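Asks: Protein chains in written order, with the working numbering: chain A, 5 to 697; chain B, 308 to 562; chain C, 234 to 550.
Please note that a few of the clues may not be correct.
[What the hints assert, rightly or not] Using 35 Å as the maximum straight-line C-alpha spacing, the simulated DSBU-like pairs for lysine-lysine come out as follows: (1) C:511 <-> B:546; (2) A:440 <-> A:426; (3) A:421 <-> C:511; (4) C:511 <-> B:463; (5) C:437 <-> B:546; (6) B:359 <-> C:424; (7) A:440 <-> B:506; (8) C:437 <-> B:357.
No lab work stands behind these hints: they were computed from the structure.
The model shown is predicted, which means the values in this text are computed figures rather than measured ones.
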Amino acid sequence: MLTTIEKLIFILLVAFFVGFLALRGFWGIYKIVRQGRPAPALKNIPQRMLAAVVQVGLQQTIFRSRPWLSVFHAFIFFGFSYYFLVNVTDLLEGFAPGFELVYGGRALAAAPTGLVNLFNLVADILSVLTLLGMIVFLVRRFISRDQRLRFNEGVLLNPRVQAGGVARDSLIVGGFILLHVGSRFLGQALRLAEHGAPDPFMPFASLTANLFGGLSPAALDAGIHTTWWLAIGLIVLFFPYFVVSKHIHLMVAPINLGLAKQNPRGQLDDASPPGSDIQPGAANLLDLAWPRLLDAYACIMCNRCNDVCPAHSLGSVLSPAAVEVNKRYLINQNFAALAGGSAPPLSLIEHVISPQAVWSCTTCYACVRVCPVGNEPMADIVDIRRSLLIQGDGLDSGVQTALESLSKNGNWFGQGKRARPKWSKALDIEIKDAGKEAVDYLWFVGDTASFDSRVTPLTQAFARILHHAGVDFGILGQAESNAGNDVRRMGEEGLFEQLMENNLKAFSASTFERIVTTDPHSLNTLRNEYRWNGNRRQVIHYSSLLLQLFESGRLQVTQPLSAYVATYHDPCYLGRYNGEYQAVRKLLQHLGVALHEMPRNCENSFCCGGGGHIWMGETPPGERPAENRIREAVTTLTAHAGEGKQENWLFVVSCPKDLIMFSDAVKTTANDGAIQVIDLIQLVEQATGLDKA
Amino acid sequence: MNIVVALKQIPSMADELPLNAQGSNLDFDEVDFVLNEFDEHALEQAVLVKEKSGGAVTALGVDLIEALDDVLYTALAKGADKAIKIVGDFEPGADSHTQAAWLAAVIRDLSPDLVLTGVQAANDLDGQIGPMLAAHLDLPYVGVVTGLEVAQGVAKVHKEFAGGVVADIEVDLPCVAGIQAAAKPPRYAPISKIRQIAKTAQIAEAEAAAAGPDAGVTLRRMAKPVATGRADMLAGDAKQVAAKIIDILTERGLL
Amino acid sequence: MSNDILVIAEHLDGRIADISFEMVGKARELAAALGGQVIVLALGSGLQAQAGGFASHTTLYLDDPLLAHYNPQAYQQVIAALAAAHSPRLIMLGYTSIGMDVAAWLSVKTGRPCIAYVNDIAVEQDAIVTRSQLYGGKMSAESATRADSLIVTLMAGAFAADAGRGATPIQPIAAPVPLAGLRTRFTGLLKPEAGDVDITTQEKLVAVGRGVGGEDGVALATELAEALGAVVAASRPVTDAGWLPKTRQVGKSGLTVRPKLYLMLGISGAPEHLEGMKDAELIIAINSDENAPIFNVAHYGATQDLFEVAEALLEAL
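Same shape as in the complex, but just chain A (with noise of 0.2 Å):
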């Protein structure tokens, strides 16, 4: 079809564009990458690969959230990775004289027509559903506006994406989808208004063709050539610009999620490389680890990090997508510097998240949870904070007390080590101390348990619960520490390495079988971040615990919960980072608590905005995470029960610092006498009639 000059010219055009431009940015972007420090070995990187494009092609990912605007981008996802074959084949249609694979192929001698038949069919629709999808966004995105592709007020942006560079850059990607696949269909409509006939296997290509009847061959031919050039010749000259567009996100994000973190959730990456001498946390771009860079690169900015994050979803300056949209931007200003390994340090705080922003996150994990390309800011904010933290400056008061009382008493509640088990000598009856005699669990009770007097009782009725149901169990007593969890995400690594030391210590010197804690912080970090060394125990919630007890039989029902209206919130610890869910829902069937679930449950908990994050002396105005939820709670329990018998509301909670936030919530949120926050450990004590002993 193409004649001898369009053939030269097309060579020399791939040569250069492709040859030459783009191969030499994606070798920058290969040697910017690997710049960042070095990550956790990965494993078995082939079969990762293969999974991840098993879940690309399944859109598992981005089905997480946005359920209708994934389906869009199903639509052209699904067009563009079809369009790989349907490219091949324009460049035959160009290249080899007299191929044509219209009306099942019959230009050609020996074509399979049915199954050109079917790739023509698949190649129509999937054509229409792609220009649908990209219309769609690009009326979401410039029409409809929507806000959720914005960034809240303050958040530190680069001076480019606050000039609308993701606007624009959305703007180039979706015109040349638009041009690229609108043209390869109009190519084929013109083909068919050419030979004068409608294919039925190519059914919006023939409805199109009749608008070309009346054109002479001459107009027909030269439409033909023009719509080859718009969709191949277009693909060559925009491949270079796939290395500073988001758009190259369909390439890194199937690398991206065959390389992800392959250690537990729960684990975070070590501070600095294990035996380097580098300081720990990253200062600046090349201090991130170089999956934190990839990321950047996989990011197609599509916000739902931010839908999500506590912190961005009510008004905060934190961003999460900024951080990566962020980081693509400094390297694409600094692109050849930083691939020639001359680019000067580029401070992470001073371009990518302000320290105000680096302080809002409460490390819930919901942003790397929805991100559909394996993404983590998470991971980025943390290592700043270990960064900042070195460098001791701008560390909120609130924070500072609670780290130096920490390292001083073992505990945020700046009481003396020998408090910790007070709370213990009020009770009638005798707790073993782990230290002294061998006990089959171990109660791994946590600072909040330990020393909120808001907690306390709570404390003390686990451990009637436990003593009515024969288990044998100790505590550690003022040999326990604070777990550590949220110092580490806190980013104070030296703080969480001496806690755990002292802790490692006192189970060294304990006899116990595995360990229970009421606490999913300390859950997390002992199950997934201590180093056992060779004595690693099991480590379970109190709701593993309980529920195993009454289906033992070792706990009874005797006072059936059935007047409750209840809803559950999974704390971020035990669900999102753990993936327990069941436990307790199951424990709540047993009580006979009838359960409403949240909109927002299980992966997709909404953070209470605790963790290390309670410490901050200051936070910003406007709702908290925690009245959110507790409105949210509201307004299911009202759909499910009405308006009107509000003084059997429960919000379940399973650790202790929700019960001190979502009650606190409760009263800021005028919803006092409306909805009671109460823990599985009450709900326990009156269904076995416990309370009333």
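Go by the hints and put chains B and C onto chain A.
Replies: Chains B and C only, in chain A's frame:
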């Protein structure tokens, strides 16, 4: 500028303070020791002076209960350049006079330009260490200092009085100052930095001078203070307490 | 050695401080028991009239322009010289910014024992017995000394000032040591800026301590104060941390207040703080530590989470 900071560890008041069997003092086996909080300010002020006017900071303390190393490593992490501990066979309850004599003996050999220490410690029964150091070293002393700058051989200090009144006082160097509060809140020393320093830094040791002078004070009895009055305790949960408070205020016409 | 008691008077900004009268009052009592006299030493400039107002046996007054304001070295040296000249059985100073500079120095220089933080002192069978509040007021220590001469620093407000007021004519003295060429020099006095509010003139104060945790806690207290028609005050750790300006600080190094209502959130009641507020008409203390010394001073108390009570109060108002 040669700056010395004298540090003192005292029983932690985060815990309940246990008494010994005779009721004559604390049971020192049952308390944790922490750095006197005013000494933390003294250290911060020393580092601030160093950062502004140059020099070196030496952190110094009596290793009363063989637990001073961590305090000194922390001081090094916060910006001290050198650490010295005074070692010997000590009573954990060694009084200020004794500690001051030991400290002064070491400080004298350091020929400091500026000696900083906390203005007081919560267990200074026999008086504060700062003025005692000044007396031993024959240096001028100013206490209750909330800010200090050094220029041309003179320390310019803010000294606080009741009512928030502050006097500007000039003191010729060398001198001793008792710090009430550093010009900025004490900085945070990341544990990883402290641990790094603990691996590499040397803590110099100095033998305590021969038995220090006795303070001449006999502690006869220690007890929780006898309440001269006792508040009427409002029982109930937070809501009930609030309601009672409002009743009291209403009754007194304060609302 | 005599059985006399030497009381070091102090003044600030041209006014003799109450602590001086408090000491003299107590010294009268002790002198009677010891069979000695009360000698007041006042160093000042133009304070003759005020210095004549003590219930002492003798009031020594040294007038010098250089003594218009406190000068550490001048005080140390003059007091040391007079202590040598009079050989008193007891030297009394305030546990104040002045006494804290002088007492322990004098102790080492003259070999006299020293007892600090004293809030009670008595003569028992010819021995002087003191009670000191140690560990932030959490412990009370009873001490005695076998020496025949003792230096004590007394907590401000421990004794009644009125008992020390009288009309003993001053006895001017000459400087026992040269006052020129001292190594400490007074260069100026800074009075607290009026700031946004003057907490000393407020009828109602909501005072916050370390327990508020940070700016957020202070904001909550401020909201509560507004609802009560009160103003927020603070203890030292709060102003040191920069959560509130220094002008809001109550206590030894802050301001002394006597409001009709002093509502305390998370203040344990260290002696330094009590010094500035114990005369408030109504003291209500909320503290989660049932052993906090403040409950020995407050009129009403509750061992509760301060945030919970503050929120409950806000709701109820």
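Asks: Determine for every hint whether it applies to the structure shown.
Replies: Comparing the hints with the structure gives:
1. C:511 <-> B:546: holds, 27 Å
2. A:440 <-> A:426: holds, 18 Å
3. A:421 <-> C:511: holds, 32 Å
4. C:511 <-> B:463: holds, 34 Å
5. C:437 <-> B:546: holds, 21 Å
6. B:359 <-> C:424: It holds: about 26 Å lies between the C-alpha atoms, which stays within 35 Å.
7. A:440 <-> B:506: Within the cut-off at roughly 33 Å; holds.
8. C:437 <-> B:357: Cα-Cα ~43 Å, so violated.
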